[in-house]
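Participant: One letter stands for each residue in the lines below.
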Amino acid sequence: MFVDGKIMYDLQLALKSIRKTPVLSALMVAAIGIGIGASMTIITIFYLMTANPNPDNSEQLFTYGLDNRLTVSEGHEDDDPPLMATYRDALYVLQSDIPTEQSVHYQSWAVYRNLEGGVNPFWDLFRLTTPGFFSLFDVPFLYGQAWSQEQEDNKDMVIVLTHETNNKLFGGENSVGERVEVGDDFYEIVGVMDNFEPLPKYFEFDNGLFSEIEGALVPFSLTPEIELMKNSGGRNCIAMPEGDDFQSYLDAECHWLHHWVRLPTPEKREAFHEMLDNYSLEQRRFGRFQGPLNNRVFNLMEWLERLEIVDGTMTMLNGVALMFLIVCLLNTNALLFAKFTGRTAEVSLKRALGCSKKRLFRQHLLEIGLVGFAGGSLGLLLALVGLAGIKILISNFENLAYLNTDLVIIAIAASIISTLIAGLYPAWRSCQIAPAKYLKSQ
Amino acid sequence: MKMEIRPIASSMLRNRTGPILICLQIALTLALVVNSVFIIQLQMEKIARPLGTDVDNTANFNVALVDPLDDMEAFVKNDLDEIRRIPGIIDATIVLTPLHAGGGMSNGYRSVSETNTGQVTNVSVNEIDEHGLNTLGVELLYGRNFRADEVPYPAPNVQLGPPKVVLVTESLARKLVPDSEVADIVGKVIYQGDLDTTPIEIIGIMADVAAHWINYSGEFADEAAYHFMLSPMVQTWIGEGHNYVFRTEPGAQDRLMAEVTDKLYEINPDRLLYDPTTQAEIIRRNHEGNVAIATILGVISVLMIMVTSFGIVGLASFTVNQRTRQIGTRRALGAKRRDIFRYFLVENILLTTIGVVLGSALAYGVHLFLFSIMHIPRMSFSLIPVGVVVLYVLGFVAVIGPARRATRVAPAVASRAV
Numbered sequence: 000m001f002v003d004g005k006i007m008y009d010l011q012l013a014l015k016s017i018r019k020t021p022v023l024s025a026l027m028v029a030a031i032g033i034g035i036g037a038s039m040t041i042i043t044i045f046y047l048m049t050a051n052p053n054p055d056n057s058e059q060l061f062t063y064g065l066d067n068r069l070t071v072s073e074g075h076e077d078d079d080p081p082l083m084a085t086y087r088d089a090l091y092v093l094q095s096d097i098p099t100e101q102s103v104h105y106q107s108w109a110v111y112r113n114l115e116g117g118v119n120p121f122w123d124l125f126r127l128t129t130p131g132f133f134s135l136f137d138v139p140f141l142y143g144q145a146w147s148q149e150q151e152d153n154k155d156m157v158i159v160l161t162h163e164t165n166n167k168l169f170g171g172e173n174s175v176g177e178r179v180e181v182g183d184d185f186y187e188i189v190g191v192m193d194n195f196e197p198l199p200k201y202f203e204f205d206n207g208l209f210s211e212i213e214g215a216l217v218p219f220s221l222t223p224e225i226e227l228m229k230n231s232g233g234r235n236c237i238a239m240p241e242g243d244d245f246q247s248y249l250d251a252e253c254h255w256l257h258h259w260v261r262l263p264t265p266e267k268r269e270a271f272h273e274m275l276d277n278y279s280l281e282q283r284r285f286g287r288f289q290g291p292l293n294n295r296v297f298n299l300m301e302w303l304e305r306l307e308i309v310d311g312t313m314t315m316l317n318g319v320a321l322m323f324l325i326v327c328l329l330n331t332n333a334l335l336f337a338k339f340t341g342r343t344a345e346v347s348l349k350r351a352l353g354c355s356k357k358r359l360f361r362q363h364l365l366e367i368g369l370v371g372f373a374g375g376s377l378g379l380l381l382a383l384v385g386l387a388g389i390k391i392l393i394s395n396f397e398n399l400a401y402l403n404t405d406l407v408i409i410a411i412a413a414s415i416i417s418t419l420i421a422g423l424y425p426a427w428r429s430c431q432i433a434p435a436k437y438l439k440s441q
Numbered sequence: 000m001k002m003e004i005r006p007i008a009s010s011m012l013r014n015r016t017g018p019i020l021i022c023l024q025i026a027l028t029l030a031l032v033v034n035s036v037f038i039i040q041l042q043m044e045k046i047a048r049p050l051g052t053d054v055d056n057t058a059n060f061n062v063a064l065v066d067p068l069d070d071m072e073a074f075v076k077n078d079l080d081e082i083r084r085i086p087g088i089i090d091a092t093i094v095l096t097p098l099h100a101g102g103g104m105s106n107g108y109r110s111v112s113e114t115n116t117g118q119v120t121n122v123s124v125n126e127i128d129e130h131g132l133n134t135l136g137v138e139l140l141y142g143r144n145f146r147a148d149e150v151p152y153p154a155p156n157v158q159l160g161p162p163k164v165v166l167v168t169e170s171l172a173r174k175l176v177p178d179s180e181v182a183d184i185v186g187k188v189i190y191q192g193d194l195d196t197t198p199i200e201i202i203g204i205m206a207d208v209a210a211h212w213i214n215y216s217g218e219f220a221d222e223a224a225y226h227f228m229l230s231p232m233v234q235t236w237i238g239e240g241h242n243y244v245f246r247t248e249p250g251a252q253d254r255l256m257a258e259v260t261d262k263l264y265e266i267n268p269d270r271l272l273y274d275p276t277t278q279a280e281i282i283r284r285n286h287e288g289n290v291a292i293a294t295i296l297g298v299i300s301v302l303m304i305m306v307t308s309f310g311i312v313g314l315a316s317f318t319v320n321q322r323t324r325q326i327g328t329r330r331a332l333g334a335k336r337r338d339i340f341r342y343f344l345v346e347n348i349l350l351t352t353i354g355v356v357l358g359s360a361l362a363y364g365v366h367l368f369l370f371s372i373m374h375i376p377r378m379s380f381s382l383i384p385v386g387v388v389v390l391y392v393l394g395f396v397a398v399i400g401p402a403r404r405a406t407r408v409a410p411a412v413a414s415r416a417v
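Here the protein sequences line up with chains A and B, keeping their order.
Mind the numbering: the first sequence is residues 0 to 441 in numbering that gives the first Met the number 0, read in order.
Mind the numbering: the second sequence is residues 0 to 417 in numbering that gives the first Met the number 0, read in order.
I should point out that these hints are in silico values taken from the structure, not numbers from a laboratory.
Treat the hints loosely; a few may be bogus.
Stated by the list, open to error - Which residues of chain B face chain A? A partial, calculated answer using Cβ under 10 Å:
no., residue
1, Thr16
2, Asn34
3, Val36
4, Gln40
5, Leu68
6, Glu169
7, Ile266
8, Arg270
9, Leu271
10, Tyr273
11, Ala291
12, Val298
13, Phe309
14, Ser316
15, Leu367
16, Phe368
Even glycine gets a Cβ: it sits at the ideal position worked out from N, Cα and C.
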């Protein structure tokens, strides 16, 4: 109905009408372009910050909080439990067979050394994790593979390097089977990761949610062997360790481990939660978990929401972007009114010569749509400029300031739709003119 | 003037859609620009706050040994002595955390006097040796610096209790001991936290040095900006580096950063230097977010003002075109050019007035919303009248062109088409 044989002719008319008022048209395109450009710049960053980093698995990935407070003051019974696990609780949960896969991990800084020499020793992060890390978070491999559960259980001295570390130590060659010294220990390389940059880096919050995965990874079961304390990210204690030795460090009521599990069905989620609750009740008998039952299980997106990535400043910038777009649309709206009202004589003439209201309306909408499209394209260009500017302003936004296909489509669609909305009423008003009215005065 | 408002208003009421849209636009622009300027001001204040140290000539080196020693005292002292001997270096010291880097240690302190019975003040604390004041370029107002024998060097990872002596800034001295003359605060005793009873003697008062929370802008930001203390201690950690700071003669920094690097490797090649950074760079990184927010809001405000003036120009040009015949008639009936000019001006002033009244209310509403979601203080309302004046001027400038065009309509136009 909207599209028929005369659509091309109407399109020509629309173009002609745009060209007839060059200043007004340019002002409209500029206003929409600036509005879309500025708001898209901010929305892009927001969109990439809050994107689901693992859409295939996000419904099955869970982390938990165990409320092991020793004292609970009044009114704080329902406070969120700690977002990290204690060592002994993590070990207990690791034994559960409810989850199909599990990853317990933490990281520290350590010194890396190439055994052949030729590379200066350097600092980097060093992660201890169960092999579930690689399957839960879909880690891609360049060479080799992750260590097996058996190697984990045997406390084998094996290591997986990140791509970058492999570049630094071995010039990017396949290093599987080579040995490397990290901290004071020697490890055999079993795998080299490919680039792995989930955004946000959801499975921990120790080094910023938008940082890269650095250094290398070794089995979590080595923790008591190599006695590596966590020195990257937080460790929060509700009671001081009882001694200075490493065992006291592990036994202390301190939260420092990130723990993720795969629970493929809602029943499993329930069973897992129940298992945590039973564990809490059992631990009470040993003087732990003195608060009310207040354990939580979060899936990936619930967890990200809990981390409050979108802070007040981000909300403010989003609001500013939205208000700015509204101002630009109001502006377009006013200009379209001006334009269509100035055309009453022409409209009357067309109507008098037999042009239907519907046809006229279509001509107007085509014109508005074209203006919207031009504005949207200009807006995209400006958004690219804006994003380049933001990369200069904030150095760690490298990965958060690019336009993908989704965003390009959103920008063009948003601009055409919003221009159409802004133009609908002026176009409709313009079509209501009685054919004879303005002919009289000519 | 008064006579004209009624016909103008009634004409605006008849063709109301365009004017309403422009009014709304002016209102939104005012609300947004006023709030943006307020937030930009906050960022600028944070950036412009004097830090109290020789920012331009100090640099920070994070240094660690590949194989840490059990006793780091001799090692650290030797490193620092060697650095101090390099020509062009004024002094060198070791700090717990780089200054003004955004993060750092804080502790509560209280003084027990007649007026201040144990109220605890949160203080930004850095630990330093006896070369600290000279290296950072901090002026000592009263009292004395630490003596070398007052600086303990505990074994790595061993943390000692509260210090015996401290240096505090003038602002902190006034806060901790409110009823004394600043000079008399030297020798007074304070205590750490709520309960600790170890006396800590204030041995000197420094000119103000900014606390590490220079980016905080909440309610007590101004009051707490200089609540800073130096405590004598050289702490090292296993598995982490320690921070050397050195001050150079002006202009020699680039050269000396390279020389210090070489010297440190010469003393002991088996060490790690992590991110040698000038103090100015540390501060730039710390302020990066502030600069970004200020720039984004600034650009958006300018664009918004631009777009709004597009709207005013567009609407006014259109009205002039619409009314060509009407203007001609008025001119033919004896209206002067300046009457026509004034007509469009008054119309614009009416529009702007409605817009800014709406906008002022909206600006306040937006502020209340931002106040609820961000750590910001209350806005000073003097910003709103400034914004109002700006929008009046903007409206005036935008309408001049179209209004001047209107004055050029010839009286004869009125009779032509009839």
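Participant: Next step is simple, just say for each hint if it's right about the structure.
Facilitator: Consistency of the hints with the structure:
1. Thr16: With Cβ-Cβ at 5 Å, under 10 Å, it holds.
2. Asn34: holds (8 Å)
3. Val36: Hint violated; Val36/B Cβ to chain A Cβ min 12 Å, cut 10 Å.
4. Gln40: At about 15 Å, which exceeds the 10 Å cut-off, the nearest Cβ of chain A leaves the hint on Gln40/B violated.
5. Leu68: violated (14 Å)
6. Glu169: Status violated, d = 32 Å.
7. Ile266: violated (16 Å)
8. Arg270: Holds - the Cβ of Arg270/B comes within 10 Å of chain A, reaching about 9 Å at its closest.
9. Leu271: Leu271/B check passes; min Cβ-Cβ to chain A is 5 Å, inside 10 Å.
10. Tyr273: It holds, given that the least Cβ distance between Tyr273/B and chain A is near 6 Å, below 10 Å.
11. Ala291: Holds - the Cβ of Ala291/B comes within 10 Å of chain A, reaching about 4 Å at its closest.
12. Val298: Hint holds; Val298/B Cβ to chain A Cβ min 8 Å, cut 10 Å.
13. Phe309: Holds, about 5 Å.
14. Ser316: At 8 Å from the nearest chain A Cβ, Ser316/B passes the 10 Å test, so the hint holds.
15. Leu367: violated (13 Å)
16. Phe368: Phe368/B check passes; min Cβ-Cβ to chain A is 8 Å, inside 10 Å.
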